[in-house]
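Build out the structure end to end from the sequences listed, making use of the hints.
Order-wise, the sequence lines are chains C and Z.
Counting from 1, position 192 in the first sequence corresponds to residue 192 in this note's numbering; the numbering is continuous, with no gaps.
Position in the second sequence (from 1) plus 287 gives the number in this note's numbering.
No lab work stands behind these hints: they were computed from the structure.
Being a predicted model, the structure only gives us computed values, none of them experimental.
Treat each hint with caution, since some may be false.
Okay, derived cross-link-like pairs now, BS3-like style, lysine-lysine, Cα gap no bigger than 30 Å in a straight line [said to hold, decoys possible]: (1) Z/Lys363 x Z/Lys421; (2) Z/Lys489 x C/Lys162; (3) C/Lys84 x C/Lys72; (4) Z/Lys564 x Z/Lys541; (5) Z/Lys363 x Z/Lys499; (6) Z/Lys499 x C/Lys162; (7) Z/Lys530 x Z/Lys541; (8) Z/Lys442 x Z/Lys469; (9) Z/Lys406 x Z/Lys499; (10) Z/Lys499 x C/Lys204; (11) C/Lys162 x Z/Lys455; (12) C/Lys51 x C/Lys72; (13) Z/Lys668 x Z/Lys681; (14) Z/Lys489 x Z/Lys530; (15) Z/Lys541 x Z/Lys526; (16) Z/Lys667 x Z/Lys677; (17) C/Lys162 x Z/Lys514; (18) Z/Lys541 x Z/Lys567; (19) Z/Lys682 x Z/Lys667; (20) C/Lys204 x Z/Lys455; (21) C/Lys251 x Z/Lys442; (22) Z/Lys363 x Z/Lys413; (23) Z/Lys489 x Z/Lys421; (24) Z/Lys526 x Z/Lys469; (25) C/Lys129 x Z/Lys442; (26) Z/Lys567 x Z/Lys668; (27) C/Lys51 x C/Lys267; (28) C/Lys162 x Z/Lys421; (29) Z/Lys442 x C/Lys162; (30) Z/Lys362 x Z/Lys413.
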Amino acid sequence: MAPALPRLLLAGARPGRRWPGWLQTHGSGRTLAGAPAPAASEPEDSEAHRKILEEPLRHSDFFNVKELFSVKSLFDARVHLGHKAGCRHRFMEPYIFGSRLDQDIIDLEQTASHLQLALNFTAHVAYRKGIILFVSRNRQFTHLIENTARDCGEYAHARYFKGGLLTNAPLLFGPTVRLPDLIIFLHTLNNVFEPHVAVRDAAKMNIPTVGIVDTNCNPCLITYPVPANDDSPPSVQLFCRLFRTVINRAKEKRRQMEALQRLQSAKGAEGHGAADPPPRVDANRPL
Amino acid sequence: MAAPCVSCAGALSYRLFLLGRVSLARRQGLWQTAAASLQTAIGSQILRLMHTTVVTTKKNVPASRCETYTEDFIKKQIEEFNIGKRHLANMMGEDPETFTQEDIDRAIVYLFPSGLFEKRARPIMKHPEQIFPKQRAIQWGEDGRPFHFLFYTGKPSYYSLMHEVYGKLLQIEKHQNQLRAKGLLPEKTETKDLIGSRWLIKEELEEMLVEKLSDQDYVRFIQLLEKLLTLQCDPAEEKFVQKFRRSVAIQSKKQLIEPVQYDEQGRAFSTSEGRRKSAKAEAVVYEHGSGRITVNGADYLLYFPITQDREQLMFPFHFLDRLGKHDVTCTVSGGGRSAQAGAIRLAMAKALCSFITEDEVEWMRQAGLLTPDPRVRERKKPGQEGARRKFTWKKR
Numbered sequence: 001m002a003p004a005l006p007r008l009l010l011a012g013a014r015p016g017r018r019w020p021g022w023l024q025t026h027g028s029g030r031t032l033a034g035a036p037a038p039a040a041s042e043p044e045d046s047e048a049h050r051k052i053l054e055e056p057l058r059h060s061d062f063f064n065v066k067e068l069f070s071v072k073s074l075f076d077a078r079v080h081l082g083h084k085a086g087c088r089h090r091f092m093e094p095y096i097f098g099s100r101l102d103q104d105i106i107d108l109e110q111t112a113s114h115l116q117l118a119l120n121f122t123a124h125v126a127y128r129k130g131i132i133l134f135v136s137r138n139r140q141f142t143h144l145i146e147n148t149a150r151d152c153g154e155y156a157h158a159r160y161f162k163g164g165l166l167t168n169a170p171l172l173f174g175p176t177v178r179l180p181d182l183i184i185f186l187h188t189l190n191n192v193f194e195p196h197v198a199v200r201d202a203a204k205m206n207i208p209t210v211g212i213v214d215t216n217c218n219p220c221l222i223t224y225p226v227p228a229n230d231d232s233p234p235s236v237q238l239f240c241r242l243f244r245t246v247i248n249r250a251k252e253k254r255r256q257m258e259a260l261q262r263l264q265s266a267k268g269a270e271g272h273g274a275a276d277p278p279p280r281v282d283a284n285r286p287l
Numbered sequence: 288m289a290a291p292c293v294s295c296a297g298a299l300s301y302r303l304f305l306l307g308r309v310s311l312a313r314r315q316g317l318w319q320t321a322a323a324s325l326q327t328a329i330g331s332q333i334l335r336l337m338h339t340t341v342v343t344t345k346k347n348v349p350a351s352r353c354e355t356y357t358e359d360f361i362k363k364q365i366e367e368f369n370i371g372k373r374h375l376a377n378m379m380g381e382d383p384e385t386f387t388q389e390d391i392d393r394a395i396v397y398l399f400p401s402g403l404f405e406k407r408a409r410p411i412m413k414h415p416e417q418i419f420p421k422q423r424a425i426q427w428g429e430d431g432r433p434f435h436f437l438f439y440t441g442k443p444s445y446y447s448l449m450h451e452v453y454g455k456l457l458q459i460e461k462h463q464n465q466l467r468a469k470g471l472l473p474e475k476t477e478t479k480d481l482i483g484s485r486w487l488i489k490e491e492l493e494e495m496l497v498e499k500l501s502d503q504d505y506v507r508f509i510q511l512l513e514k515l516l517t518l519q520c521d522p523a524e525e526k527f528v529q530k531f532r533r534s535v536a537i538q539s540k541k542q543l544i545e546p547v548q549y550d551e552q553g554r555a556f557s558t559s560e561g562r563r564k565s566a567k568a569e570a571v572v573y574e575h576g577s578g579r580i581t582v583n584g585a586d587y588l589l590y591f592p593i594t595q596d597r598e599q600l601m602f603p604f605h606f607l608d609r610l611g612k613h614d615v616t617c618t619v620s621g622g623g624r625s626a627q628a629g630a631i632r633l634a635m636a637k638a639l640c641s642f643i644t645e646d647e648v649e650w651m652r653q654a655g656l657l658t659p660d661p662r663v664r665e666r667k668k669p670g671q672e673g674a675r676r677k678f679t680w681k682k683r
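Here is the structure:
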């Protein structure tokens, strides 16, 4: 699992693409001339850094995302309500529990398991300081999504999506721009009920996606689809709250791990020093 | 338009800048690329004698690279400008501490007299912030994470402004709903004073946000602000909206109203001039009278036998329903009969402004009575029979 994740993130790296120090594998020959390399850091630093990154990968639910929701809470937020049977997408049939009075009902057991995977993945990406982009084209929730993104310190794009934003980013923004490491779709369709362009573009640029897919959406190109209702306000508010909580939790965890590592390295440095002075407990160390 | 901008740097060395689009950096870049192409041309000539080097120069193609001025460059320019300002003050014998921009402009006009017609082509010396266009600083930090949370939309300032305005709208609506539920909503609607100000135009908004906008973006923004205005807002919100309005000087206030004078008998009168084609007229309008108009000493009925001319003279009074209430004495010279009539009409209307209310002045202005007619006789051109008429075209 540990080497698989970096390989996934680095897969498809073209030689021309710049990889600054924040996403380099140690000792790999992929560093380019212009990119800052972490080679100047000491061996203990990179060892501790590697431990910080690998620690969450040893547990299946390191961030305990299961406790944030339950099937009951999803039901109360009307997540199970789909569109009419006529709007049903062929590839969503496995996720549909049944239909009542011609309205499709989404299977919340499957939703729960998919949501747990998606939240866990989001937490890991946030833990590793990845850029998360919230995308939606439903104008009813634009304000809410932008507020959510701002509250967790991530980015949002709930406006008109320009053509080459992901595929032609160096030209649009600048040569050393960093693309998002995860794209979360709160609405997979755009205003004309067609799949959002970013779904296809993220797949082209090897960016993993998490998407809330309704019964009329195509879940094919999305890495972690979550079959759920994307039209009701309580449902979208629930998902915004979940993502925000998970991202904040992961970032807090990362800060704690780094503080712990700093504390341990300081204690280790004191221990390696002269043995005559007894080890002092310095209360002023920042936690 | 390329314009030489003078900055005095050092003792007596003058460096010429190019204003606006083309910068010194780009000029140096052009020289460098020219030098590089020359070297490659020579190299290719040495190495591949078989090939003929064809120099292809792109003509009429604008520079695709957008000029980026680094912050250090701008800072250096500002320092040089300040030093140059002090040198200029010393040269002109004035105090360097209190040397204002107007003094600089006067000094440059004195030292570099220019006969060029285009004002923007003349030598200028202004603060670099007014010369170099505003640039966007780099948008992301060392780790690559952008600073603005809407960076990936492409127009972060514009969309964050829309977000903010929409947030204010929601807040006000919520507040009003709460008041309405308690029954405390004030019923009266105060009409805000929107006259005398206009919305920002698209170019001004682009300049404010340092971003390119489309017409739809601009229209949406103005619609959102107007929606905000329809709700009753607090003074804080009104101040926020006023940031996007610019005052428009009301045209009638620019109208120069002649002061009322009094003659020996104590009658109030007012004098003013008017011109039309090559006729010049001066009219003296008395406040109380019986509608007699004297032109060059003669009655207007004798001076203007044609009805049309007399109607022109009547027009200002007829417009304000003051036909028999004023006496006019005027002198006129030059032009033909119609031009003289028009000149007197303009003079009378301008003199009449002293005796009427501001609203009536505005009505006269909108009726065109106070506007001098700019039409003059067009000159005859060589090769044509008249100003526009061509000679008869003969097929053979």
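Taking the hints in turn, this is what the structure says about them:
For the hint linking Z/Lys363 to Z/Lys421, the alpha-carbon distance of about 16 Å falls within 30 Å, and the restraint holds. Between Z/Lys489 and C/Lys162 the alpha-carbon distance is near 21 Å, which keeps this suggested pair within the 30 Å criterion. For the hint linking C/Lys84 to C/Lys72, the alpha-carbon distance of about 23 Å falls within 30 Å, and the restraint holds. Restraint check for Z/Lys564 and Z/Lys541: satisfied, since their Cα atoms lie roughly 24 Å apart, inside the 30 Å limit.
Between Z/Lys363 and Z/Lys499, the direct Cα distance comes to roughly 28 Å. Compliance with the 30 Å bound is thereby established for this hinted pair. The hinted pair formed by Z/Lys499 and C/Lys162 meets the criterion: a straight-line CA distance of about 14 Å does not exceed 30 Å. In summary, the hint linking Z/Lys530 to Z/Lys541 is supported, as the alpha carbons are separated by about 25 Å, within the 30 Å threshold. About 41 Å separates the Cα atoms of Z/Lys442 and Z/Lys469, which puts this hinted pair outside 30 Å; it is violated.
Restraint check: the Cα-Cα separation between Z/Lys406 and Z/Lys499 comes to about 28 Å, which is no more than 30 Å; the hinted pair holds. For the given pair, Z/Lys499 sits about 28 Å from C/Lys204 by alpha-carbon distance, which is consistent with the 30 Å threshold. Straight-line distance between C-alpha atoms of C/Lys162 and Z/Lys455 comes to about 27 Å, which keeps the hinted pair within the 30 Å bound. Restraint check for C/Lys51 and C/Lys72: the C-alpha separation of about 37 Å exceeds 30 Å, so the hint is violated.
Restraint check for Z/Lys668 and Z/Lys681: satisfied, since their Cα atoms lie roughly 20 Å apart, inside the 30 Å limit. Taking the CA atoms of Z/Lys489 and Z/Lys530, the gap is about 14 Å. The hint holds against a cut of 30 Å. Taking the CA atoms of Z/Lys541 and Z/Lys526, the gap is about 28 Å. The hint holds against a cut of 30 Å. Taken as a hint, the Z/Lys667 and Z/Lys677 pair is honoured in the structure, with Cα atoms around 10 Å apart against an allowance of 30 Å.
With a CA separation close to 27 Å, the supplied pair C/Lys162 and Z/Lys514 stays within the 30 Å bound. Note on Z/Lys541 and Z/Lys567: the hinted pairing holds, with a Cα-Cα distance of about 23 Å set against a maximum of 30 Å. Note on Z/Lys682 and Z/Lys667: the hinted pairing holds, with a Cα-Cα distance of about 24 Å set against a maximum of 30 Å. Of the supplied pair hints, the one linking C/Lys204 and Z/Lys455 is violated, its CA atoms being roughly 39 Å apart against a limit of 30 Å.
Restraint check for C/Lys251 and Z/Lys442: the C-alpha separation of about 27 Å stays at or below 30 Å, so the hint holds. Restraint check for Z/Lys363 and Z/Lys413: satisfied, since their Cα atoms lie roughly 14 Å apart, inside the 30 Å limit. A hinted pair counts as satisfied when its Cα atoms are at most 30 Å apart, and Z/Lys489 with Z/Lys421 qualifies at roughly 17 Å. At roughly 27 Å between alpha-carbon atoms, Z/Lys526 and Z/Lys469 fall within 30 Å of each other, so this suggested pair holds.
For the given pair, C/Lys129 sits about 24 Å from Z/Lys442 by alpha-carbon distance, which is consistent with the 30 Å threshold. At most 30 Å may separate the alpha-carbon atoms for a hinted pair to count; Z/Lys567 and Z/Lys668 meet this at roughly 27 Å. The suggested pairing of C/Lys51 with C/Lys267 holds, with an alpha-carbon distance near 17 Å, which does not exceed 30 Å. At most 30 Å may separate the alpha-carbon atoms for a hinted pair to count; C/Lys162 and Z/Lys421 meet this at roughly 24 Å.
Only pairs whose Cα atoms come within 30 Å are accepted, and Z/Lys442 paired with C/Lys162 is accepted, the gap being roughly 11 Å. Annotation: proposed proximity of Z/Lys362 to Z/Lys413 holds, straight-line Cα distance about 14 Å (limit 30 Å).
When held up to the earlier numbered hints, the structure conflicts with 8, 12 and 20 and fits the remainder.
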